[in-house]
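Novice: In case you want the letters, here they are:
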Amino acid sequence: MDESTLLVADGITKRFGGVQALSEVAFTIRKGEIYGLIGPNGAGKTSLFNVLTGIYPADEGSFTFEGRALDGLKPHEVAARGIARTFQNIRLFANLSALENVMVGRHVRTHATVLGAIFRNAGTKAEERAIEKRAYALLEYVGVHRRANDLARHLAYGDQRRLEIARALATDPRLLALDEPAAGMNATETAALRELLESIRRDGTTILLIEHDMRLVMSVCDRVLVLDYGKKIAEGVAADVQKDEKVIAAYLGGEVRLDVARA
Amino acid sequence: MRALIPTKHPLAAKAGVVLIALALAVLPFALTGIGTAWVRITNLAILYVLLSLGLNIVVGFAGLLDLGYIAFYAVGAYTYALLASPHFGLHLPFWVIIPIGSLVACMFGVLLGTPTLKLRGDYLAIVTLGFGEIIRIFLNNLSQPVNITNGAQGIAGIDPFRFGSFDFATTSAIDGVTITGPIKYYYLLLAVLLVVIVVNLRLQNSRIGRAWEAIREDEIAARAMGINTRNMKLLAFAMGASFGGIAGGMFSAIQQFISPESFVLVESINIVAMVVLGGMGNIWGVILGALLLSFVPEVLRYTVGPTQQALFGRMLIDPEVIRMLLFGVTLVAMMLFRPAGLLPSALRKRELETARNGTAAP
Numbered sequence: 001m002d003e004s005t006l007l008v009a010d011g012i013t014k015r016f017g018g019v020q021a022l023s024e025v026a027f028t029i030r031k032g033e034i035y036g037l038i039g040p041n042g043a044g045k046t047s048l049f050n051v052l053t054g055i056y057p058a059d060e061g062s063f064t065f066e067g068r069a070l071d072g073l074k075p076h077e078v079a080a081r082g083i084a085r086t087f088q089n090i091r092l093f094a095n096l097s098a099l100e101n102v103m104v105g106r107h108v109r110t111h112a113t114v115l116g117a118i119f120r121n122a123g124t125k126a127e128e129r130a131i132e133k134r135a136y137a138l139l140e141y142v143g144v145h146r147r148a149n150d151l152a153r154h155l156a157y158g159d160q161r162r163l164e165i166a167r168a169l170a171t172d173p174r175l176l177a178l179d180e181p182a183a184g185m186n187a188t189e190t191a192a193l194r195e196l197l198e199s200i201r202r203d204g205t206t207i208l209l210i211e212h213d214m215r216l217v218m219s220v221c222d223r224v225l226v227l228d229y230g231k232k233i234a235e236g237v238a239a240d241v242q243k244d245e246k247v248i249a250a251y252l253g254g255e256v257r258l259d260v261a262r263a
Numbered sequence: 001m002r003a004l005i006p007t008k009h010p011l012a013a014k015a016g017v018v019l020i021a022l023a024l025a026v027l028p029f030a031l032t033g034i035g036t037a038w039v040r041i042t043n044l045a046i047l048y049v050l051l052s053l054g055l056n057i058v059v060g061f062a063g064l065l066d067l068g069y070i071a072f073y074a075v076g077a078y079t080y081a082l083l084a085s086p087h088f089g090l091h092l093p094f095w096v097i098i099p100i101g102s103l104v105a106c107m108f109g110v111l112l113g114t115p116t117l118k119l120r121g122d123y124l125a126i127v128t129l130g131f132g133e134i135i136r137i138f139l140n141n142l143s144q145p146v147n148i149t150n151g152a153q154g155i156a157g158i159d160p161f162r163f164g165s166f167d168f169a170t171t172s173a174i175d176g177v178t179i180t181g182p183i184k185y186y187y188l189l190l191a192v193l194l195v196v197i198v199v200n201l202r203l204q205n206s207r208i209g210r211a212w213e214a215i216r217e218d219e220i221a222a223r224a225m226g227i228n229t230r231n232m233k234l235l236a237f238a239m240g241a242s243f244g245g246i247a248g249g250m251f252s253a254i255q256q257f258i259s260p261e262s263f264v265l266v267e268s269i270n271i272v273a274m275v276v277l278g279g280m281g282n283i284w285g286v287i288l289g290a291l292l293l294s295f296v297p298e299v300l301r302y303t304v305g306p307t308q309q310a311l312f313g314r315m316l317i318d319p320e321v322i323r324m325l326l327f328g329v330t331l332v333a334m335m336l337f338r339p340a341g342l343l344p345s346a347l348r349k350r351e352l353e354t355a356r357n358g359t360a361a362p
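Residue numbers (our numbering), protein chains in the order written: chain P, 1 to 263; chain G, 1 to 362.
Treat the hints with care, as some may be off.
As the list claims (entries may be wrong) - If we take Cβ atoms under 8 Å as the criterion, some of the chain G residues that face chain P in the derived model are: (1) Ile208; (2) Arg210; (3) Ala214; (4) Asp218; (5) Leu234; (6) Leu235; (7) Gln256; (8) Ser345; (9) Ala346.
Stated by the list, open to error - With the Cβ distance kept under 10 Å, some of the chain G side facing chain P (calculated, not the full set): (10) Ser172; (11) Asp175; (12) Val198; (13) Arg216; (14) Ala221; (15) Ala222; (16) Arg223; (17) Met225; (18) Gly226; (19) Arg314.
Since the hints were made in silico from the structure, they are not lab data. Cβ atoms here follow ideal geometry from the backbone N, Cα and C, with glycine treated the same way.
Let the hints inform the model, and build the full structure from the sequences given.
Specialist: Structure below.
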C-alpha cells in the first residue's frame with residue numbers, strides 16, 4: 001500500500017437475515033480526495049457506513065485505515081482512530097445548544113476526568129476554554145455561529161445539516177463520512193454546501209460522500225463508487241461513471257438518459 | 001470562572017445569595033418557634049434533596065430511568081449502621097464510615113449498571129426496580145444463618161455523628177443559645193448539600209456532563225462522536241449511587257435506627273417523582289421538586305385535620321387519603337401542563353468571550 005492510500009475496503013459483506021445488504025464490496029480511498037458513494041435507494045450505502053464506523057460488524061472482509069485494520073472496533077474507537085460521520089436522518093443532540101453539540105465532538109480529543117471536573121483545576125479550566133474556543137471556530141467555519149446559543153432542534157434544517165458536519169469535524173477526523181448532507185436542501189444551500197466540502201478537502205480532510213444530488217456528486221467528487229443491491233457495479237472518475245450503461249440502468253431502468261451535466 | 005448562577009446583575013445576585021444564606025442560617029431557630037418537629041422535617045427534606053440530586057445524575061443527565069435508587073440509600077445507611085452500632089460492637093468515627101459507605105454504594109451502582117448497559121427506557125426501569133427490591137429483601141433476610149442485618153427488626157442504637165467531644169445528637173448551649181441535636185444536623189446537612197450542589201453543577205458543565213447529556217439525547221450519535229457510552233453510563237450509575245450512599249449514612253446517624261422498611265419501592269418512586277416534578281436535568285428544579293414533595297405532605301398532615309374540624313366539626317376524610325389524592329392530581333396536572341417539570345432544563349447560554357476572538361478552524 002502506498003503513501004497516498006487512506007482507507008482500503010476489502011470484500012466487505014453484510015447480511016441481515018436473508019437480505020444480502022453488502023456483498024464483497026472493495027474500494028480504496030486516497031488521501032485528500034472526495035470519494036462519492038452513490039446508488040439507488042436500498043443499495044447498501046448507509047449499511048456500508050454503519051459497517052465502516054463500527055455500528056454493525058462486517059460478516060466478512062475488513063477495512064484498513066491508515067495501514068491499520070478496523071476489525072472489531074466499537075464506534076467510539078473508530079472515531080478515536082480518525083473517522084467521523086454524519087447521519088442520513090439528522091441525529092443531533094436536540095436539547096443541547098449548537099455550541100454544546102460541537103463541544104461534545106471534542107470529547108474524544110480531550111481528557112478531563114470526574115475529579116478534574118469536580119475540582120476544576122487549572123488544566124481542566126484551560127482544556128474547557130480550548131474546547132469552547134475550538135467549537136465556536138468550527139461553528140464559524142460551517143457558518144452556524146450566529147445560532148451558537150440556540151437549541152439544536154430550533155435550527156433550520158440546512159443549519160442542522162451543517163451543524164452535524166461541524167460536530168463531526170470537532171473529532172479531528174482524517175476521513176469525514178457524510179450521509180446525504182444535501183438531502184432536503186434548496187439550490188442555494190446546496191451550492192454553499194459544495195463550497196464547504198471543497199474547503200474541508202482543501203484543509204486536509206478526506207471526504208466519503210453519500211449523496212443523491214447527482215449535480216453535487218458529479219461536481220465535487222474526484223471518484224465515485226456505485227452500489228446496487230449491495231454490489232459494486234461501477235467505480236471511477238465521475239465523468240466516466242455517469243456514462244456507464246449499468247449505472248444508468250440501475251438508476252433509471254435504462255430508459256432515460258441521466259441528466260448529470262456539470263453545475 | 002463561571003458563577004454558580006449566571007446573571008446580568010452580579011450585584012443583585014450577590015445580595016440575593018447573602019439573603020438566602022442568612023435566611024437558611026436562622027431558619028432552624030424560626031422553625032423551633034413553630035414546633036421542634038419542623039427542624040426534623042427540614043432535615044429529612046434536605047436528605048431527599050441530596051437523594052434527588054444523586055438520582056438526577058442518572059435520570060436527568062444520562063437519561064437512564066432508575067426505579068431502584070433507594071437501594072443505594074439503603075446500602076449507605078446499612079454500611080453506617082453496621083460499622084457504628086452495638087450490633088457488631090464497632091464504633092468507627094463518621095468521617096471514616098461516610099466515605100466507605102459512599103464507596104460501597106458506588107460499587108453497587110456499578111454492579112447494577114454492568115448488566116443493564118444495553119437496556120433503555122421501560123426495560124431498564126423494570127430491571128432497576130427489581131434490583132431495588134432485591135437489596136431490600138436481602139436486608140430483610142440476612143439475619144441467618146449469620147446475623148448480618150438483623151432482619152426486619154432493623155438495627156438500633158446507631159451512633160450519632162461525634163466530633164471529639166462535640167455530639168450531634170445532644171443539646172448544647174453555645175453563648176447562651178440553645179442548639180438542639182436536629183439543629184446541629186441541619187447545619188451539617190446544609191454544608192453537605194452545598195458541596196453536592198457545587199459538584200453537580202461542575203459535573204454538568206464539564207466534558208463528562210456533556211457526554212452524559214449526549215447519551216441521553218442520542219446514544220448512537222454519542223458513540224459515533226467517540227464517547228465510550230459503556231464507561232460513561234457506569235460512571236453515571238456510580239456517581240449517582242455514591243451520593244445516595246452519603247445520604248444513607250447521614251440518615252442512619254440522624255435516625256439512630258434503621259430497618260428495611262425505610263427502603264421500600266414507594267421511596268424510590270417518590271424520589272423519581274421529585275426529579276420529574278422539579279425538572280429532570282435542572283439542578284435547581286430538582287431541588288425545588290424535592291422540597292415541595294417533602295414539605296407539602298407535612299404541611300397537609302398538620303392542616304387537613306384541623307381544617308376539617310373547623311369546617312364540619314368532625315373528620316370526614318383521613319388526612320393520609322387527601323395527601324395521596326392531592327399527590328396524584330398534582331402529578332397528572334404536571335404531565336398535562338408542564339411535562340418537562342416546574343423548572344425545565346434550561347438552555348445554557350455561553351458567554352463566548354474567548355470564542356469570539358478565536359481564529360477560524362483549519
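Novice: All the hints need checking, so say for each whether the structure fits it.
Specialist: Cross-check of the supplied hints:
1. Ile208: Holds. Min distance 5 Å.
2. Arg210: holds, 5 Å
3. Ala214: holds, 5 Å
4. Asp218: holds, 5 Å
5. Leu234: Because about 12 Å separates Leu234(G) from the closest Cβ in chain P, which is outside the 8 Å limit, the hint is violated.
6. Leu235: At 7 Å from the nearest chain P Cβ, Leu235(G) passes the 8 Å test, so the hint holds.
7. Gln256: Nearest chain P Cβ about 31 Å off; hint violated.
8. Ser345: holds, 7 Å
9. Ala346: violated, 10 Å
10. Ser172: Violated. Min distance 34 Å.
11. Asp175: This hint is violated: Asp175(G) lies away from chain P, its Cβ roughly 36 Å from the closest one there, beyond 10 Å.
12. Val198: holds, 8 Å
13. Arg216: holds, 8 Å
14. Ala221: holds, 4 Å
15. Ala222: holds, 7 Å
16. Arg223: Since the shortest Cβ distance to chain P is 4 Å, the answer is holds.
17. Met225: holds, 5 Å
18. Gly226: holds, 3 Å
19. Arg314: Violated - the Cβ of Arg314(G) stays beyond 10 Å from chain P, reaching only about 51 Å at its closest.
Hints 5, 7, 9, 10, 11, 19, counting from the list given before, are not met by this structure.
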